[in-house]
Amino acid sequence: MSTSGNHSRWAFDDDMRLRQGNELRLLLGGQVHNSSSSSAATIRRSFAHTRRLGANTVLAPVSWALTEPQEGVFDFDLVDTMIEEARRLSLRLVPLWFGAFKNAASTYAPRWVRADLERFPRAVVQAKVRGNAFHYSGVTPTPVLSVFSENLRAADAAAFEAFLAHVAKVDTTDVVAMVQVENESGILRDSRDRSALAEEAWAGQVPSELIVLARAGRADSLLRELWTAHGERESGTWAEVFGEGSGADEVFMAWSIGSYVQHVAERGRVHSRVPMYTNAWLGPQPGQDEPGQWPSGGPASRVVDVWRTAAPSLSFVAPDIYVDDADSAMRVYTSHNQPFFVPESRLRAGELVRAIGSYRAIGWSAFGIDGANPDGQVAAVLTFLSALESDIAEAQRARRIGAVVVERDSSPAETRVGDLTVSARGLNDIVRTFLLDVGVQLPDAALPVPDETLPQEPVPTPGEQRPFALVFAVADDELVVVGQGVKLDFATSDGGVEIDSVTELLLEKGELVPGRVLNGDERLQVVPVDRVGAAKITLLRLSQDQ
32 MSTSGNHSRW AFDDDMRLRQ GNELRLLLGG QVHNSSSSSA ATIRRSFAHT RRLGANTVLA
92 PVSWALTEPQ EGVFDFDLVD TMIEEARRLS LRLVPLWFGA FKNAASTYAP RWVRADLERF
152 PRAVVQAKVR GNAFHYSGVT PTPVLSVFSE NLRAADAAAF EAFLAHVAKV DTTDVVAMVQ
212 VENESGILRD SRDRSALAEE AWAGQVPSEL IVLARAGRAD SLLRELWTAH GERESGTWAE
272 VFGEGSGADE VFMAWSIGSY VQHVAERGRV HSRVPMYTNA WLGPQPGQDE PGQWPSGGPA
332 SRVVDVWRTA APSLSFVAPD IYVDDADSAM RVYTSHNQPF FVPESRLRAG ELVRAIGSYR
392 AIGWSAFGID GANPDGQVAA VLTFLSALES DIAEAQRARR IGAVVVERDS SPAETRVGDL
452 TVSARGLNDI VRTFLLDVGV QLPDAALPVP DETLPQEPVP TPGEQRPFAL VFAVADDELV
512 VVGQGVKLDF ATSDGGVEID SVTELLLEKG ELVPGRVLNG DERLQVVPVD RVGAAKITLL
572 RLSQDQ
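With this note's numbering, you'll find the sequence shown wraps up at 577, consecutive numbering, no jumps.
If you're looking for bench data, these hints aren't it; they were derived computationally from the structure. Glycine included, every Cβ here is placed at the ideal spot set by N, Cα and C. Check the hints yourself; a few may be wrong.
[Said to hold, decoys possible] Okay, the calculated beta carbon distance ranges per label pair: (1) I461 to T523: 14 to 24 Å; (2) A42 to G262: 49 to 59 Å; (3) E420 to E263: 40 to 50 Å; (4) P343 to E542: 40 to 50 Å; (5) H166 to R50: 39 to 49 Å; (6) V301 to P491: 42 to 52 Å; (7) G262 to D508: 55 to 65 Å; (8) T259 to D406: 49 to 59 Å; (9) D508 to R83: 29 to 39 Å; (10) V301 to G262: 35 to 45 Å; (11) T259 to P238: 56 to 66 Å.
Take the sequences, apply the hints, and build the full model.
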């Protein structure tokens with residue numbers, strides 16, 4: 032086997048920090064729209080737009096159908112264009128392998144695969160769950176291949192191997208930072224595949240690795256819960272060990288799909304040591320409590336442990352976060368002793384700083400970045416964070432970083448940065464209270480923010496109305512803040528701390544330069560209300576006898 036491509040300098044260290052050689056890195060940017068990487072012209076336009084937003088990373092699909100239009104005949108022209116454009120624009124690239132599975136369907140599989148039903152059989156579902164995504168009466172059927180097909184597994188893996196072998200050959204400057212394997216895999220409209228091949232697997236023995244995992248599993252593990260409820264058997268069929276409910280179906284599908292993705296990833300690893308991961312369509316979520324309402328068997332929250340065991344070649348599994356309660360999703364995926372990365376997200380500046388600050392994410396990516404507003408808050412935050420990348424990554428390593436997002440009608444948001452407690456309130460609310468104390472009543476006022484999307488985008492995304500900030504230490508008692516609309520207060524366990532100085536940080540041609548030294552009334556407004564800004568704050572410690 033060739034190992035000539037094992038030159039990638041991208042890797043995770045023992046603290047789950049992403050490094051390029053010896054340098055700590057953050058992947059800050061977004062994923063282009065699904066079809067933006069299907070032609071050279073749209074690759075150039077979408078990548079250039081991503082760079083204009085201040086991003087340092089672009090995620091882009093690689094379609095199996097376009098890469099291998101005929102069996103064994105490969106066309107890597109689009110891949111070459113992606114690498115060339117990313118290199119030219121000083122962007123890092125994360126290719127997304129849209130192989131047999133994308134959003135729980137198989138529309139990116141080549142025609143020669145989809146047309147041969149005997150060689151590549153389809154999944155069979157019984158449409159048991161309500162609220163079926165992408166489905167309505169009269170809808171044209173969407174192809175869903177069966178993950179239990181050995182022929183499909185071999186063909187998908189062979190194509191992925193050829194793709195990564197080519198990347199290893201042409202990516203001589205380490206533009207490719209990570210690779211995603213498949214996309215939001217799983218089964219919709221039912222809790223498991225009920226094709227003949229799937230039923231044969233369901234009647235087979237549970238793998239011993241899964242029994243070991245169930246025995247040692249966490250108390251909140253679905254796997255352990257089912258195993259315990261059905262007698263803690265040391266062997267047996269899937270129904271005997273885990274029962275016949277939808278939870279057992281989800282575990283069965285998670286192991287089966289995870290093992291499939293492991294086989295694909297392992298074939299690619301022959302040629303490249305670049306980190307690999309896969310992504311999850313979240314579930315359960317409000318209004319969706321049954322597997323099949325989200326892709327059953329994908330790396331959803333209840334089966335992350337199953338996936339981590341089934342697919343050891345993946346560095347992590349990652350959540351695509353479109354839900355309102357992003358904080359809970361982040362908490363789940365950081366609780367499994369793995370690096371944390373958000374490969375898809377709504378354009379929400381508050382959740383960007385939360386991921387980087389509160390959960391020490393190695394990166395964050397907004398979906399549809401090529402339709403994002405260059406004058407939006409996300410673009411501004413990305414620009415500041417890219418300029419501060421080394422300092423932020425080091426603060427993450429030292430665990431001297433945090434984030435605050437002030438929810439409407441809630442108590443102050445708090446975070447810890449070293450031994451400091453940082454409290455955040457909405458600055459508009461503070462000013463309104465001050466004026467009310469002297470008899471002046473102001474109406475409630477929203478933050479003056481632009482939409483995050485360009486006018487032509489089909490689904491507009493409003494700007495972030497919640498005050499937010501990323502706060503991190505660059506030295507003892509020296510902090511940097513990036514955010515908008517917040518009033519920050521600092522305290523230690525003995526209370527002996529005050530603000531010594533505040534200096535604006537301004538962007539000039541992508542570089543940070545000092546601006547005004549803020550004092551007096553301007554100290555209230557460390558970061559602006561009308562736009563995203565940054566500042567350096569120096570604190571003064573007071574001895575207890577002063």
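Is it true that the C-beta distance of D508 to R83 lies inside 29 to 39 Å, as the hint says?
Between D508 and R83, where Cβ atoms are some 36 Å apart, the hint holds.
Quick check: does the Cβ-Cβ distance between G262 and D508 fall within 55 to 65 Å?
holds, 58 Å
For the pair T259 and P238, does the Cβ-Cβ distance stay inside 56 to 66 Å?
violated, 18 Å
Given the hint of 49 to 59 Å, is the C-beta distance from T259 to D406 inside that range or not?
Hint holds: Cβ distance 54 Å, inside 49 to 59 Å.
A range of 35 to 45 Å was offered for this pair. Does it hold for the Cβ distance of V301 and G262?
holds, 41 Å
With respect to the beta-carbon atoms only, verify the hint that P343 and E542 lie 40 to 50 Å apart.
holds, 41 Å
Could you check the hint for me, namely that I461 and T523 are 14 to 24 Å apart, CB to CB?
holds, 22 Å
Range agreement (Cβ of P491 with Cβ of V301, hint 42 to 52 Å):
Hint holds: Cβ distance 45 Å, inside 42 to 52 Å.
R50 and H166 - C-beta distance against the hinted 39 to 49 Å
Given a distance of about 43 Å, which is inside 39 to 49 Å, the answer is holds.
Given the hint of 40 to 50 Å, check if E420 and E263 actually sit that far apart at their C-beta atoms.
holds, 48 Å
Given the hint of 49 to 59 Å, check if A42 and G262 actually sit that far apart at their C-beta atoms.
The hinted range 49 to 59 Å is violated for A42 and G262, with Cβ atoms some 43 Å apart.
In this structure, the hints that do not hold are numbers 2, 11, in rising order.
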